[in-house]
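**Student:** Spelled out, the chains give:
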Amino acid sequence: MLHRPLAALLAVLLALVIAACGSDDDTAAPPATSSAAVETTAAAAFPVTVEGDNGPLTIQEQPDEIVSLSATATESLFAIGAGDQVIAVDDQSDYPADAPQTDLSGFEPNVEAIAGYEPDLVIASYDPGGLVDGLEKLDIPVLLQDAAPNLDAAYAQIETLGTATGHVEEAEEVVDSMQTQIDELVSSASGADGTTVYHELGPDFYSATSDTFIGSVYGLFGLVNIADEAGDADAGGYPQLSGEYIVSESPDLIVLADTVCCGQTAQKVSKRPGWDQIAAVESGNIVEADDSIASRWGPRTVEFVQLIADSLEGVSQR
Amino acid sequence: MATARALRARLSARPERALRGVSAGWALAAGAFVVVSTLLGLALGPVDLGLGAVTREVLSHVPFLGVSSPFSGTEDAILWELRAPRVALGLLVGAMLASAGAAYQGVFRNPLADPYLLGAAAGAGLGATIVIAYDPGGGLDLRPIAAFAGAVLGVGIAYLLGRSVGGSATTTLILAGVTVAAFLTAVQTYVQQQSAETVQEVYSWILGQLETSGWSDVLILLPYVAVSTAVLLWHRRLLDVLAVGDDEAASLGVPVARVRLAVVAAATLGTAAAVAFSGLIAFVGIIVPHAVRLMAGTSYRVVLPLSLAFGGGFLVLMDLVARTVVAPAQLPIGVVTAFLGAPFFAVVLRSTRGVGP
Amino acid sequence: MMLHAERVAVELDGSRVVEDVGFELDDGEWLGLIGPNGAGKTTLLRAVAGLVPYAGSIRIQGDEVASLGRREAARKVAVVPQIPVIPPDTTVLEYVVLGRTPHLRYSGSPGPRDVVAARSALARLDGAHLVDRRLGSLSGGERQRAVLARAVAQDATLLLLDEPTSALDVGAQQQVLELVAALRADGSITVLSAMHDLTHAGQYADRLLLLDGGREQASGAPHEVLTEQLIARHFGASIRVIRDEESGIAVVPLRPRVESGQPVP
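Protein chains in written order, with this note's numbering: chain A, 836 to 1153; chain C, 31 to 387; chain S, 441 to 705.
No lab work stands behind these hints, which were simulated from the structure alone. Just to be clear, a hint being listed does not mean it is correct.
Stated by the list, open to error - Each pair of labels, with its calculated beta carbon distance range:
#1 C:Asp277 with S:Asp466: 27 to 37 angstroms
#2 C:Asn140 with S:Gln669: 45 to 55 angstroms
#3 S:Glu686 with C:Asn140: 51 to 61 angstroms
#4 A:Pro891 with C:Val377: 52 to 62 angstroms
#5 S:Asp572 with C:Leu69: 32 to 42 angstroms
#6 C:Phe374 with S:Pro693: 57 to 67 angstroms
#7 A:Gly964 with C:Ala212: 41 to 51 angstroms
#8 A:Glu943 with C:Ala212: 19 to 29 angstroms
#9 C:Ala179 with A:Asn945: 31 to 41 angstroms
Said to hold, decoys possible - Covered stretches of chain A (in silico footprint by chain C; criterion: 3 or more residues with CB under 8 angstroms from a CB of chain C, positions within the stretch not fixed):
#10 914 to 925
#11 938 to 949
#12 1036 to 1045
#13 1096 to 1109
None of these values were measured; they are calculated from a predicted model. In this text, a Cβ means the ideal position worked out from N, Cα and C, and glycines have one as well.
Working from the sequences, and respecting the hints, build out all of it.
**Tutor:** Pasting the structure below:
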């Protein structure tokens, strides 16, 4: 089941590649023709105005020298078929594997280095100050897409990218596909209402409340996030909990998003002093998620939702 | 002879308070402070276990009293596997930092000295940052070792640098320490920036935390703190003599360089071990000894033992605040010690200055 | 022979601050070191105390100073520095008890005997009433008495004083010097002091040693060393020496004559 959405995406990509290579070939299969048509239609759709977190942005022509400083945006760009138009991605954009990774930093962007690529569109998810201003001064169009707070916002971002890069229809397809799959997964795990969950961002007990994207995913399943009570401590939605609290709440499900950064595993977690009292540890409902999937809000969110749905089966079987 | 006898009579009539070390009153106050903070630390927390229930649980471990424990498995785990080791760690770290701070202030004759003066903090920070940035998978287990090694190396280099420049005069050593600390901090900042995604982890380590991995941490730290504070206490009278300066102390027969080395080595070892587990908790090492001086007197025979006790209790209370004020979230303890410690010290300063002959 | 020094030389920072100095002190004697600023008086005292390395020989009661351990040296020699470090919040008693340090073990604390020794030292210096006072609240004269008491509490037989009256008013100066003289009269203490006031040096010391440029320039009884020529040559000052049956000797500075030869009114 995990591979169907991936296969669908690959099919779209493949079709676009064929279309790009054989746009003169009238005997190409219908998808290719329609993609070619999409491309021409796309080119004709410019100039467009899209809305980013830095305000409206008008893009004159279809961009084909895109620099992405956001790992999520990179994934989305490739998913909607704009991968060819991307010339450089930041050092954290490790998916898909053939994305042109560079040393550019999304955390500490260097405007000069970015400008060196002579991009006609820059997409970022984080502006530590000076990035947007600096690029605007150089007349480089920049689209800022902050971390989406929920799925709807994430879908909107993908659609925006579609408009910005001339892949409106593919973007809609990707979003539709995501929505469908997520709805299926959520309804298949019905009966998980009220299950408590603890999402671990780090072994020092940093967690994410329902105000965050990943928190909203849990909300889809009707799960109760134990970090919500600590929401006041951190306006951004990432409070540091205390070990006592986690043990006393005894969550039914523990999701580890620190398996890569900090080497946490289900085994290590169950050995923590006092944690053997937690329901999730007793029943073995500890999920090891990939850090990057759990921290991005792009098309692979479906994988994360899948992971949760699968583990909820284990919970409801208690 | 007659004179001596007469003097001895006067002696017993007027006890030499300062020469006797810690007075009974202060010893009692210190002990009570430690006991009360420990009890509060055990009884209170983000999870409300109930003061009465905690008391019964503690008593149930005392033989022959026949008190049964009202706790469930979870509550028992919270109290004994999470809270108690945390309180114990607080006592050890607080005692160590405060006494090391007092010892440094004595051996450098500088009221602004704290246990991080010679580069211990910068070295520990660098060690921890390197581990966090470059070995994320192995992470947690290497961190204390790297921090400890970093602290010891930092001070060692500062000491050697000072010695090579010109003897072990206090100013030279302090300057060497400042130099080494600045350099190590620069390297640490660079390493931290190289792997920007771990910045939050590094920062949170630097601000300090008493979250433990259970009793094992406490048991590892205990011998370091015990040995270190024993050596410091052993030198407390000598610290008083050092107060009149290197020259005069030497003319009074004190081997100044050796004493300084012994005190710095012991204080650094203990501080490095404490910092390895708790991160760089600021403020305790400077403020507690000064508060003790203002309240109980300046002789190190008083300041060192009282700093031990008050430092431990103080840190336990600070940690209590850190884990309850925004419960169930927690604040980094370094923030709390500064935020609460500074006004408290201002109060002590105001109420005791201007009092006295 | 309490103190015997021979061909003593001290080198500091590459230059010879003391060169070829020799002298002797008998038990109970008071030798005054005089000389212009920078003559090497303080350095010579530090060498006798064992605080700087020296060439030559300095023997205290037969023992070479350089071969004595720190504590041994401190039990024989007590130093009263020119500018003592005064921790303001320490009480006088605590401060004087510091003088007992050479008699205590490395980590030992002062016992009742040490307290008695400290109190009696203070009493000998008319300072018994200062016992509980904070050092920071004392006057200059009182402070000097506390420092002296600390030195006396060391139970050393040789007392080195470095310009003991430099920061004091005339009354306090006399008081301190009289106290030192009284200590000597008790019989147990030999005194070697550097002094800047030539009259006091002449009135209190048994013998004087004049240092200039690190070298011995003259030594002997006060009236032999305090002469107009020697003072003029080594201090560049014009003085008159007055000898008086009662007070002994006084050195009176004279204002220089105007060129015309007329005395200045």
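**Student:** Run every hint past the structure and note whether it holds.
**Tutor:** A quick look at each hint next to the structure:
1. C:Asp277 with S:Asp466: 27 to 37 angstroms: 28 angstroms, holds
2. C:Asn140 with S:Gln669: 45 to 55 angstroms: Distance hint for C:Asn140, S:Gln669 holds at roughly 50 angstroms.
3. S:Glu686 with C:Asn140: 51 to 61 angstroms: At 52 angstroms between Cβs, range holds.
4. A:Pro891 with C:Val377: 52 to 62 angstroms: Between A:Pro891 and C:Val377, where Cβ atoms are some 55 angstroms apart, the hint holds.
5. S:Asp572 with C:Leu69: 32 to 42 angstroms: For S:Asp572 and C:Leu69 the Cβ distance comes to about 38 angstroms; the hint holds.
6. C:Phe374 with S:Pro693: 57 to 67 angstroms: This hint holds: roughly 59 angstroms between Cβ atoms.
7. A:Gly964 with C:Ala212: 41 to 51 angstroms: 26 angstroms, violated
8. A:Glu943 with C:Ala212: 19 to 29 angstroms: 23 angstroms, holds
9. C:Ala179 with A:Asn945: 31 to 41 angstroms: 34 angstroms, holds
10. 914 to 925: Since 0 is below three, the answer is violated.
11. 938 to 949: holds (count 3)
12. 1036 to 1045: holds (count 5)
13. 1096 to 1109: Check passed, 6 qualifying residues.
Consistency with the previously given hints fails for numbers 7, 10, ordered from lowest to highest.
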